[in-house]
Amino acid sequence: MDLKWRIKPWGEATLVELEGEVDLHSAPPLKAALLEVGSAQSARIALDLNGVSFLDSTGIGALVGVYKKTREGKGQIVFFGARPRVKRVFQIAGLWNALPFYESRDAALAVLLPAPLVTLPETPVPAEGEAHAG
Amino acid sequence: MDLKWRIKPWGEATLVELEGEVDLHSAPPLKAALLEVGSAQSARIALDLNGVSFLDSTGIGALVGVYKKTREGKGQIVFFGARPRVKRVFQIAGLWNALPFYESRDAALAVLLPAPLVTLPETPVPAEGEAHAG
Amino acid sequence: MPDKPDKPVRPPRIELSIPAQSEWVRVARLTVAGVAARQGFSIQAVEDLKVAVSEAINNAIQHGPSSAEGEDVPMVSIAFEPRPQGLWIVVTDGGRLERELSLDKPVPPTPEHDADLPEGGMGLLLIRSLMDRVELEGGSDADTSLKMWKALPRKESVRS
Amino acid sequence: MPDKPDKPVRPPRIELSIPAQSEWVRVARLTVAGVAARQGFSIQAVEDLKVAVSEAINNAIQHGPSSAEGEDVPMVSIAFEPRPQGLWIVVTDGGRLERELSLDKPVPPTPEHDADLPEGGMGLLLIRSLMDRVELEGGSDADTSLKMWKALPRKESVRS
Ligand SMILES: Nc1ncnc2c1ncn2[C@@H]1O[C@H](COP(=O)(O)OP(=O)(O)O)[C@@H](O)[C@H]1O
Ligand SMILES: Nc1ncnc2c1ncn2[C@@H]1O[C@H](COP(=O)(O)OP(=O)(O)O)[C@@H](O)[C@H]1O
Chain U
1 MDLKWRIKPW GEATLVELEG EVDLHSAPPL KAALLEVGSA QSARIALDLN GVSFLDSTGI
61 GALVGVYKKT REGKGQIVFF GARPRVKRVF QIAGLWNALP FYESRDAALA VLLPAPLVTL
121 PETPVPAEGE AHAG
Chain X
1001 MDLKWRIKPW GEATLVELEG EVDLHSAPPL KAALLEVGSA QSARIALDLN GVSFLDSTGI
1061 GALVGVYKKT REGKGQIVFF GARPRVKRVF QIAGLWNALP FYESRDAALA VLLPAPLVTL
1121 PETPVPAEGE AHAG
Chain R
2001 MPDKPDKPVR PPRIELSIPA QSEWVRVARL TVAGVAARQG FSIQAVEDLK VAVSEAINNA
2061 IQHGPSSAEG EDVPMVSIAF EPRPQGLWIV VTDGGRLERE LSLDKPVPPT PEHDADLPEG
2121 GMGLLLIRSL MDRVELEGGS DADTSLKMWK ALPRKESVRS
Chain F
3001 MPDKPDKPVR PPRIELSIPA QSEWVRVARL TVAGVAARQG FSIQAVEDLK VAVSEAINNA
3061 IQHGPSSAEG EDVPMVSIAF EPRPQGLWIV VTDGGRLERE LSLDKPVPPT PEHDADLPEG
3121 GMGLLLIRSL MDRVELEGGS DADTSLKMWK ALPRKESVRS
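First to last, the sequence lines map onto chains U, X, R and F.
Take the working numbering: the last position of the first sequence gets the number 134, and nothing is skipped along the way.
Take the working numbering: the last position of the second sequence gets the number 1134, and nothing is skipped along the way.
Take the working numbering: the last position of the third sequence gets the number 2160, and nothing is skipped along the way.
Take the working numbering: the last position of the fourth sequence gets the number 3160, and nothing is skipped along the way.
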């Protein structure tokens, strides 16, 4: 129960909300879950980091891996809501400016979607996941 | 910084708010601070436990000690706002019904003060304390 | 190729050791909370474990070996052994038990007079009430250990 | 009566040992948070310490000794030595260092192509950036230890 994620269709895009700690234990299952979404042709993903209370280099590795894979499939992935402590880790790694980080959900979704869809009401939750003791 | 307390005059009575953990380390300085208030002749004290996130038998010992001392000086002390986890410890020790616990601040103050004073606005903070590494 | 059957794999064990001083008890509470959360104990059970561990360490600090001025502070060891059905916790100090300690203290009757209200002596009672098994080991020739077991609810035990 | 001058009092030391498995790293984060909070480190500094300790343990798990099927899981030890001016943390695994490890890795230039984005190899860089001193001990005949120091701001150091 270190980390939970929630995958929501959002118009043509997919919104993924994270809650908890991304570390050596939780990064691999998170990466697998995100790759499933991101490996679709032309996937459009917005990853909500607001709920991430801890992230280390294994978390960076997972997000970078998913980012690369999504781009390979001509898809797009953006990140938003990183807390200062998460931003700090990406900054030290020299990756804060190399990855598409946005302040707010609206800003992130505006990149992925035509304007009218940004304020689409929330749809029912189709998929949830969790990383816990094996 | 395990435990902080704040002592506020409240009409004829004294309101003491606790915040943090009451354990072997923080109970002795808390007890000393409360004894100073409680040893005054006819002291009237309401102890706010809402902010207590942990309490063990050393915390019980401190509160019982202050209770006895206050009563010896013909004073009165009441407790309110205990969270379930704190209530549970007092219950197991067999002391929940032996000590004057109340649900709300108003109920606790009503015991100590004539009715009109219960809703007295908050006065400036005159004294604060803290238990931390020695 | 079969695994060596004569050398069973050691189940997981987490060990913490702290100086026998009140300021470090809180660190042990954080550690036990982490271990227990990993096993899937409920929030309420985690709180119970924090109280029981604190009481056991309080006793080790207060009744274990004392250090003279200018001497090293003794250590208290807290071992955690997570199991599919629950958690063993063993708190050990370097002291000697001079007499049998009773763990079967009955719940005292509600005191009738202020003077009867207890200010101490409640530690073992709390431990016994909050944990599912409690064993005390020690004597005149061995370190004192309090061994405690908290069971996971059956439903939750699949998690660990 | 003077204290024995030839036997200095041991400064406080907290020790945690965990199995070299990813699921226990979080327990070490809770423990370091408790020790650092006790010393009066800021919330930001506590977060830094949690990342540095996690990275060091990740390395011990991933590059330390591996256990074969049916064998005991190796342990990782994390020692904390709080001092008035700061905190020493030593993470030790039972492995051997075959080659010198450089701790002076410069910050990489911002990658220009997706393919250049790193997915690993950032652990020591983070540790070096987040801590005030980092030393690596080990070799072909000794356990590997990463020793890290985080200084308390001067103002706060009176607290501990
Ligand atoms: N670790 C220990 N070493 C020696 N004696 C102990 C230890 N733990 C408990 N005891 C004995 O058991 C008694 C009861 O303990 P407890 O119920 O925790 O109450 P208290 O510590 O307040 O006296 C103690 O007073 C002490 O004599
Ligand atoms: N505890 C250790 N034991 C042996 N080798 C280590 C240890 N820590 C780090 N290393 C070596 O240093 C390299 C760089 O480590 P790091 O910067 O954390 O990145 P990563 O672990 O992702 O490779 C590792 O790949 C490994 O070869």
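One or more hints might be untrue.
[Unchecked claim] Restricting the straight-line Cα-Cα distance to at most 20 Å, the calculated cross-link-like pairs of lysine to any residue (SDA-like) are:
{"hint": "1", "chain 1": "X", "residue 1": "Lys1069", "chain 2": "R", "residue 2": "Glu2098"}
{"hint": "2", "chain 1": "X", "residue 1": "Lys1004", "chain 2": "F", "residue 2": "Asp3116"}
{"hint": "3", "chain 1": "U", "residue 1": "Lys74", "chain 2": "F", "residue 2": "Arg3128"}
{"hint": "4", "chain 1": "U", "residue 1": "Lys74", "chain 2": "F", "residue 2": "Ser3042"}
{"hint": "5", "chain 1": "U", "residue 1": "Lys74", "chain 2": "F", "residue 2": "Ile3043"}
{"hint": "6", "chain 1": "X", "residue 1": "Lys1004", "chain 2": "X", "residue 2": "Gln1041"}
{"hint": "7", "chain 1": "X", "residue 1": "Lys1068", "chain 2": "R", "residue 2": "Leu2124"}
{"hint": "8", "chain 1": "X", "residue 1": "Lys1068", "chain 2": "R", "residue 2": "Gln2062"}
{"hint": "9", "chain 1": "U", "residue 1": "Lys68", "chain 2": "F", "residue 2": "Arg3128"}
{"hint": "10", "chain 1": "U", "residue 1": "Lys87", "chain 2": "F", "residue 2": "Pro3084"}
{"hint": "11", "chain 1": "X", "residue 1": "Lys1068", "chain 2": "X", "residue 2": "Glu1128"}
{"hint": "12", "chain 1": "U", "residue 1": "Lys87", "chain 2": "F", "residue 2": "Pro3012"}
{"hint": "13", "chain 1": "X", "residue 1": "Lys1069", "chain 2": "R", "residue 2": "Arg2154"}
{"hint": "14", "chain 1": "U", "residue 1": "Lys68", "chain 2": "F", "residue 2": "Ile3043"}
{"hint": "15", "chain 1": "X", "residue 1": "Lys1068", "chain 2": "R", "residue 2": "Pro2118"}
{"hint": "16", "chain 1": "X", "residue 1": "Lys1068", "chain 2": "R", "residue 2": "Arg2083"}
{"hint": "17", "chain 1": "X", "residue 1": "Lys1004", "chain 2": "X", "residue 2": "Glu1128"}
{"hint": "18", "chain 1": "X", "residue 1": "Lys1074", "chain 2": "R", "residue 2": "Gly2120"}
{"hint": "19", "chain 1": "U", "residue 1": "Lys69", "chain 2": "F", "residue 2": "Ile3043"}
Derived from the structure by calculation, the hints contain no laboratory data.
Hint check:
1. About 34 Å separates the Cα atoms of Lys1069(X) and Glu2098(R), which puts this hinted pair outside 20 Å; it is violated.
2. A distance of roughly 51 Å separates the Cα atoms of Lys1004(X) and Asp3116(F); the hinted pair therefore is violated under the 20 Å criterion.
3. Between Lys74(U) and Arg3128(F) the CA atoms are separated by roughly 36 Å; this puts the pair beyond 20 Å, and the hint is violated.
4. A distance of roughly 43 Å separates the Cα atoms of Lys74(U) and Ser3042(F); the hinted pair therefore is violated under the 20 Å criterion.
5. For a cut-off of 20 Å, the pair hint linking Lys74(U) to Ile3043(F) is broken: about 41 Å separates their Cα positions.
6. Pair hint Lys1004(X) plus Gln1041(X) does not hold up; C-alpha atoms about 25 Å apart against a cutoff of 20 Å.
7. The suggested pairing of Lys1068(X) with Leu2124(R) is violated, with an alpha-carbon distance near 23 Å, which exceeds 20 Å.
8. Distance check on the hinted pair: Lys1068(X) and Gln2062(R) sit about 23 Å apart at the alpha-carbon level, beyond 20 Å; violated.
9. Restraint check for Lys68(U) and Arg3128(F): the C-alpha separation of about 27 Å exceeds 20 Å, so the hint is violated.
10. Between Lys87(U) and Pro3084(F) the alpha-carbon distance is near 30 Å, which puts this suggested pair outside the 20 Å criterion.
11. Restraint check for Lys1068(X) and Glu1128(X): not satisfied, since their Cα atoms lie roughly 23 Å apart, outside the 20 Å limit.
12. At most 20 Å may separate the alpha-carbon atoms for a hinted pair to count; Lys87(U) and Pro3012(F) exceed this at roughly 34 Å.
13. Restraint check for Lys1069(X) and Arg2154(R): the C-alpha separation of about 47 Å exceeds 20 Å, so the hint is violated.
14. Distance hint between Lys68(U) and Ile3043(F) is unfulfilled; the C-alpha atoms sit about 33 Å from each other, more than 20 Å.
15. Between Lys1068(X) and Pro2118(R), the direct Cα distance comes to roughly 10 Å. Compliance with the 20 Å bound is thereby established for this hinted pair.
16. Between the alpha carbons of Lys1068(X) and Arg2083(R) the distance comes to roughly 44 Å, so the proposed pair goes past 20 Å and is violated.
17. Restraint check for Lys1004(X) and Glu1128(X): satisfied, since their Cα atoms lie roughly 8 Å apart, inside the 20 Å limit.
18. Taking the CA atoms of Lys1074(X) and Gly2120(R), the gap is about 24 Å. The hint is violated against a cut of 20 Å.
19. Taken as a hint, the Lys69(U) and Ile3043(F) pair is broken in the structure, with Cα atoms around 35 Å apart against an allowance of 20 Å.
In summary, the numbered hints that this structure violates are 1, 2, 3, 4, 5, 6, 7, 8, 9, 10, 11, 12, 13, 14, 16, 18 and 19.
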